[in-house]
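Protein chains in written order, with the UniProt record's numbering: chain A, 1 to 118; chain B, 1 to 118.
Hints may be right or wrong, so weigh each one.
Note that the list lumps identical chains together, so a pair holds whenever it fits in one copy or between two copies.
[What the hints assert, rightly or not] Dumping the calculated DMTMM-like pairs for lysine to aspartate or glutamate here, alpha-carbon to alpha-carbon at most 20 Å:
#1 K22 / D66
#2 K11 / D108
#3 K38 / E17
#4 K81 / D31
#5 K38 / D68
Just so you know, these hints were derived from the structure itself, not from any lab.
Protein chains: 2
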Amino acid sequence: MSERPVNLVEKLGLFSEHWTPKIVAGFNGNDIMVVKVKGEFNWHSHPDTDDFFMVLSGRLRIQMRDGDVVLGPGELYVVPKGIEHCPLAEEETHLLLIEPAGVPNTGDPTTAVIKNRI
Amino acid sequence: MSERPVNLVEKLGLFSEHWTPKIVAGFNGNDIMVVKVKGEFNWHSHPDTDDFFMVLSGRLRIQMRDGDVVLGPGELYVVPKGIEHCPLAEEETHLLLIEPAGVPNTGDPTTAVIKNRI
Numbered sequence: 001m002s003e004r005p006v007n008l009v010e011k012l013g014l015f016s017e018h019w020t021p022k023i024v025a026g027f028n029g030n031d032i033m034v035v036k037v038k039g040e041f042n043w044h045s046h047p048d049t050d051d052f053f054m055v056l057s058g059r060l061r062i063q064m065r066d067g068d069v070v071l072g073p074g075e076l077y078v079v080p081k082g083i084e085h086c087p088l089a090e091e092e093t094h095l096l097l098i099e100p101a102g103v104p105n106t107g108d109p110t111t112a113v114i115k116n117r118i
Numbered sequence: 001m002s003e004r005p006v007n008l009v010e011k012l013g014l015f016s017e018h019w020t021p022k023i024v025a026g027f028n029g030n031d032i033m034v035v036k037v038k039g040e041f042n043w044h045s046h047p048d049t050d051d052f053f054m055v056l057s058g059r060l061r062i063q064m065r066d067g068d069v070v071l072g073p074g075e076l077y078v079v080p081k082g083i084e085h086c087p088l089a090e091e092e093t094h095l096l097l098i099e100p101a102g103v104p105n106t107g108d109p110t111t112a113v114i115k116n117r118i
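Next up, chain A with everything else stripped away, as it sits in the complex (with noise of 0.2 Å):
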């Protein structure tokens, strides 16, 4: 038996559409996504977990209230738990995110997407 890696640019080639954080694997309770990101996305905070983001490919603006952080490729940040925050990205921009399962991307469960898994 061989089993094959996750790629993640092969598995950014799976979709297009934005915002919309897709499962690639998973380890000890967490998801480990890929997203792509156009624009801006709406300020909002996750009260109980710390929020981890890296860059792909592109550049991304995570606007806080007391300063911005500005991501390129190779690049990464934790958002602590409790901070409020906005993503921004003026290109498309293709981020890896982790977090605990079933932390809803909008840090509220009536407005979060369904992640699914590729």
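Add chain B to chain A, keeping to what the hints say.
Chain B alone, transformed into the frame defined by chain A:
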């Protein structure tokens, strides 16, 4: 205030030794680490935790008893808890690793390296 993201290439430029993971950030009780590897590690398993590997540059073969997985840049693989594995890199390879804080890299606290933060 404007904070800086974690730049993985920059962090990898701060050390040269192999098989010595360096902590660059943390989230939800996990350590996010970079490591340079070359050659063969040892056969080991982690009884309670899945093991996340992502290749940043180079090429990693994760040897397992039922078959190997080979990862190139932009590819990731999760070794399930309890599965024996032995990483092998023919050329110098740079990895992103994520594990719950405190997990010994060798699967054995008596042989594990200390993971310093850089």
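Verification of the hints:
1. K22 / D66: neither (30 Å within a copy, 28 Å between copies)
2. K11 / D108: neither (26 Å within a copy, 35 Å between copies)
3. K38 / E17: within (10 Å within a copy, 39 Å between copies)
4. K81 / D31: Both: 17 Å inside a copy, 16 Å across copies.
5. K38 / D68: Only inside one copy: K38 and D68 sit 17 Å apart there, 37 Å across copies, limit 20 Å.
Of the numbered hints stated above, those contradicted by the structure are hints 1, 2, listed in ascending order.
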